[in-house]
Amino acid sequence: MTDSLNEQFGRIYDQYIDKIYRFVYLKVNSQEVAEDVTSKVFTKGWEAFQNPGSEIKNPGAFLYQIARNAVVDYYREKGRTKVVLADNGPEMVDPGTNAQDKAILSADIGIVKKAIAKLKKEHQDIIIWHYLEDMPIANIAELLGKPAGTVRVMLHRGLNDLKDMIKEA
Amino acid sequence: MTRITQKQLIEQIKTLKEIKPRKEWAVLLKSQILSEKKAEAVILASEVKPVSFMDTISSLFFAPRGTGQRKLAYAFAAILLLVFGVFGFSRFMQPGALPEQTPAALTVQSPVKQDAVALNNLVQVAKNQKTTSTSAIKDISAKAKDLTQNLKNNPAQDPQTMKDIANSLKTLADVPGTDLSANQDVKDLYQAVVQSQIADLSKMTLTDEQNKALDEAKDLYFQGKYTDALEKILLINK
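Quick mapping for you: the protein sequence lines, in order, are chains U and B. Just so you know, we're using this note's numbering here: the first sequence kicks off at 1 and counts up by one. Just so you know, we're using this note's numbering here: the second sequence kicks off at 1 and counts up by one.
Be aware that one or more of the hints could be misleading.
Said to hold, decoys possible - Using 25 Å as the maximum straight-line C-alpha spacing, the simulated BS3-like pairs for lysine-lysine come out as follows: (1) B:K7 with B:K23; (2) U:K57 with U:K78; (3) B:K17 with U:K40; (4) U:K44 with B:K127; (5) U:K44 with B:K30; (6) U:K118 with B:K20; (7) B:K163 with B:K127; (8) U:K121 with U:K167; (9) U:K121 with B:K30; (10) U:K57 with U:K167; (11) U:K19 with B:K30; (12) B:K163 with U:K19; (13) B:K30 with B:K138; (14) B:K30 with B:K17.
None of these hints come from the bench; they were simulated from the model. Since we're looking at a predicted model, the values are computed, not measured.
Hey, can you work out the whole structure from these sequences and the hints?
Structure representation (structure tokens):
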């Protein structure tokens, strides 16, 4: 039984580790913190997964929900603000990942990343999920418990805010 | 960047997909989460009471007052105590009739085995990465320390576990760029493993050649050359 649970969670882990790490990283802007928060997310996810009373229908939504809470907890515990961390910028990113380096070395991408970190939390989530993780609007709506129309409006506003921030940069 | 269209902006956002976690960190985290929790699950499973009639007795004792059930409960409990007391005493009086430990209990009493599995996982990660990062060295060193301590506390281990640890150390030594034989925690672990292996081999019937190799391993051990001693021992075990 445990082996089977291990295998199942192993597959979920493989499927979501990049996504959850990226989601967290874009919010905390630090490799070290992103690794720490992401490990907490998967540890909690595994604990819940092992609980015989819990039935996790959508592991992705479940992990994203834990990740959102874990990021909130992180800022609450540290008493930091998103803006302060966003200013720490690209130099804190893992220098060992070539692909990541490529993304960070591009000045334009660096600006987009910083601008995303400064967005409102919900706009940030929706933009990351929809454009980075290719999540359909309906799934985002379900995840946030909001009507799809509202999510579409928020996505539009988020993009406009992002554009304005980039113009100012 | 000032005259960016919405399409360009979306393209720029999509490029952030390149952000990925360090591969070795991701592999290590997966291995840690799954192996540690699995060990916890084994311990928890062993803590489940083997018999449930004690719960029944307990529930009977705490039956509501005035129902008449409590009197019945006391009578029932007294009979049970008497029957099992007599049965237990008679078993105790029989020579060599001590109950054997269940496999589950043995699993729980072997933190060495759990550490050995965890060490092997860490070593395999280092091996797959073909190099050892600072964090991996730290993790391996910490696990080696735990393992050494557990070996000191429980020196009697099954030969297969010790062989597994010895093989993990050998694999680790073969990973390029590692210099863990100088690490004190790893060195202590080498010493403990070699000591245990020498003790085991000394009890076995060996060929002349194997006996000679064992003597050489002992010499190397006394000279503090644990890595070389382990190499010799692994050759004898082959």
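Results for each hint:
1. B:K7 with B:K23: 31 Å, violated
2. U:K57 with U:K78: 33 Å, violated
3. B:K17 with U:K40: Cα-Cα ~22 Å, so holds.
4. U:K44 with B:K127: Answer violated: U:K44 to B:K127 is near 28 Å, above 25 Å.
5. U:K44 with B:K30: 13 Å, holds
6. U:K118 with B:K20: At roughly 21 Å apart (the allowed maximum being 25 Å), B:K20 and U:K118 satisfy the hint.
7. B:K163 with B:K127: Roughly 18 Å between the alpha carbons, so the hint for B:K163 and B:K127 holds.
8. U:K121 with U:K167: Between U:K121 and U:K167 the Cα gap is close to 20 Å, so the pair holds against 25 Å.
9. U:K121 with B:K30: Since the Cα atoms of U:K121 and B:K30 sit roughly 28 Å apart, the hinted pair is violated (cutoff 25 Å).
10. U:K57 with U:K167: 42 Å, violated
11. U:K19 with B:K30: 15 Å, holds
12. B:K163 with U:K19: Violated: B:K163 and U:K19 sit about 39 Å apart, past 25 Å.
13. B:K30 with B:K138: Holds, at roughly 17 Å.
14. B:K30 with B:K17: 21 Å, holds
In the structure shown, a violation is registered for the earlier hints numbered 1, 2, 4, 9, 10, 12, in ascending order.
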